[in-house]
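Q: Sequence:
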Amino acid sequence: MKLFKQILAVILCGVAFGAGASPAAPVAGTDYVVLPEPQAVDTGKKVEVIEFFAYYCPHCYALEPSMAAWVKKQGDNVVFKRIHVSRGPSVLPQQKLFFALEAMGLVEQNHAKVFNAMHEQGNSLRNDEAVIDWAASNGIDKAKFTEVYNSFGVAAKVRRTERMMGDYRVDYWPMLVVDGKYMTSPAEASKSIKPVPSSAQQHANALTVLDFLVAKAKAEKK
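Quick note: the sequence shown uses this note's numbering, first residue 1, plus one each step.
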C-alpha cells in the first residue's frame, strides 16, 4: 500500500508539472493560430514580429518587461514593431501618444514610463491635454510634441491601425503576429493547459511559442 501511494504521488506530481509547463512542441490551433489570409511584410530576409497592444491594458503592462527582454535578446534576428490598437475615443489620446513618440524616435525611452504613468501613478491619459502635459513633464519639447501629436502622419497611422486590426483579426490584446502568418499570445499559448497557469507562466509560454514561430518563419524564408 505504501509503495502504491508513493507511485501515485510521483504520477500526480508529474501531471501537475506538465500542466504548468511551457509548450514543448507548439501546435497550430492549440498554441498558435495560422492566419487565414497571410499579410505582406517588408522586412526582407528578417522575420517581422508585431505586438498589438494598448497602454491602458493591464495584460499588456504585465507582459512588457518580459517582452522587452525577449526583443533585446533577439538582436538583429527579427524586426520588431508595436501597434497601439484602436478602441474608441477614450483610447485615442493614448494611441496618438504612442504614434507621436514613434515618429519622434522616443518610444524606447518612454514606453515603460507611459505604462507606469497609467498603471502605477493613476494618470489615465484620456484626453489631449493630459497627454501633452505628461510629455512635457517627461522632458519632451511641448511645442514639437504637440505638432507631431496633431499631425496628418499620426492621424494616418491611426487609420491604418484600424485596417490592420481587421486584416490580422485582432480582437484582443496583447497579440503577437509573426511574419504576417502566425499569431500567438499569453492566452493562446496557455489555453490548453490545466489548471490555468499564472500570468508569469503564461508570458513564458507565449515567448516559448514565439521563439518557435520565429524559427519556423525564418526557415520558410530560405
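Because the hints were derived from the structure by calculation, they are not lab data. Treat the hints with care, as some may be off.
[To be verified] Under the rule of at most 16 Å between Cα atoms (straight-line distance), these lysine to aspartate or glutamate pairs were calculated in the EDC-like manner:
1. Lys72 <-> Glu108
2. Lys221 <-> Glu108
3. Lys45 <-> Glu64
4. Lys81 <-> Glu64
5. Lys144 <-> Asp167
6. Lys181 <-> Asp211
7. Lys144 <-> Glu102
8. Lys218 <-> Asp42
9. Lys113 <-> Glu64
10. Lys46 <-> Asp76
11. Lys72 <-> Glu220
12. Lys46 <-> Asp167
13. Lys81 <-> Glu102
14. Lys181 <-> Glu37
15. Lys73 <-> Asp211
16. Lys181 <-> Asp42
17. Lys181 <-> Asp167
18. Lys142 <-> Asp128
19. Lys142 <-> Glu162
20. Lys157 <-> Asp141
21. Lys81 <-> Asp42
22. Lys181 <-> Glu220
23. Lys157 <-> Glu102
24. Lys45 <-> Glu162
25. Lys113 <-> Glu102
26. Lys81 <-> Glu108
Q: Next, verify each hint and record whether it holds.
A: Hints versus structure:
{"no.": "1", "hint": "Lys72 <-> Glu108", "verdict": "holds (11 Å)"}
{"no.": "2", "hint": "Lys221 <-> Glu108", "verdict": "violated (29 Å)"}
{"no.": "3", "hint": "Lys45 <-> Glu64", "verdict": "violated (26 Å)"}
{"no.": "4", "hint": "Lys81 <-> Glu64", "verdict": "holds (13 Å)"}
{"no.": "5", "hint": "Lys144 <-> Asp167", "verdict": "violated (33 Å)"}
{"no.": "6", "hint": "Lys181 <-> Asp211", "verdict": "holds (14 Å)"}
{"no.": "7", "hint": "Lys144 <-> Glu102", "verdict": "holds (13 Å)"}
{"no.": "8", "hint": "Lys218 <-> Asp42", "verdict": "holds (14 Å)"}
{"no.": "9", "hint": "Lys113 <-> Glu64", "verdict": "holds (11 Å)"}
{"no.": "10", "hint": "Lys46 <-> Asp76", "verdict": "holds (8 Å)"}
{"no.": "11", "hint": "Lys72 <-> Glu220", "verdict": "violated (23 Å)"}
{"no.": "12", "hint": "Lys46 <-> Asp167", "verdict": "violated (21 Å)"}
{"no.": "13", "hint": "Lys81 <-> Glu102", "verdict": "holds (10 Å)"}
{"no.": "14", "hint": "Lys181 <-> Glu37", "verdict": "holds (8 Å)"}
{"no.": "15", "hint": "Lys73 <-> Asp211", "verdict": "holds (11 Å)"}
{"no.": "16", "hint": "Lys181 <-> Asp42", "verdict": "holds (13 Å)"}
{"no.": "17", "hint": "Lys181 <-> Asp167", "verdict": "holds (11 Å)"}
{"no.": "18", "hint": "Lys142 <-> Asp128", "verdict": "holds (12 Å)"}
{"no.": "19", "hint": "Lys142 <-> Glu162", "verdict": "violated (28 Å)"}
{"no.": "20", "hint": "Lys157 <-> Asp141", "verdict": "violated (22 Å)"}
{"no.": "21", "hint": "Lys81 <-> Asp42", "verdict": "holds (12 Å)"}
{"no.": "22", "hint": "Lys181 <-> Glu220", "verdict": "holds (11 Å)"}
{"no.": "23", "hint": "Lys157 <-> Glu102", "verdict": "holds (11 Å)"}
{"no.": "24", "hint": "Lys45 <-> Glu162", "verdict": "violated (27 Å)"}
{"no.": "25", "hint": "Lys113 <-> Glu102", "verdict": "holds (14 Å)"}
{"no.": "26", "hint": "Lys81 <-> Glu108", "verdict": "holds (12 Å)"}
Checked against the numbered hints above, the structure breaks hints 2, 3, 5, 11, 12, 19, 20, 24 and satisfies the rest.
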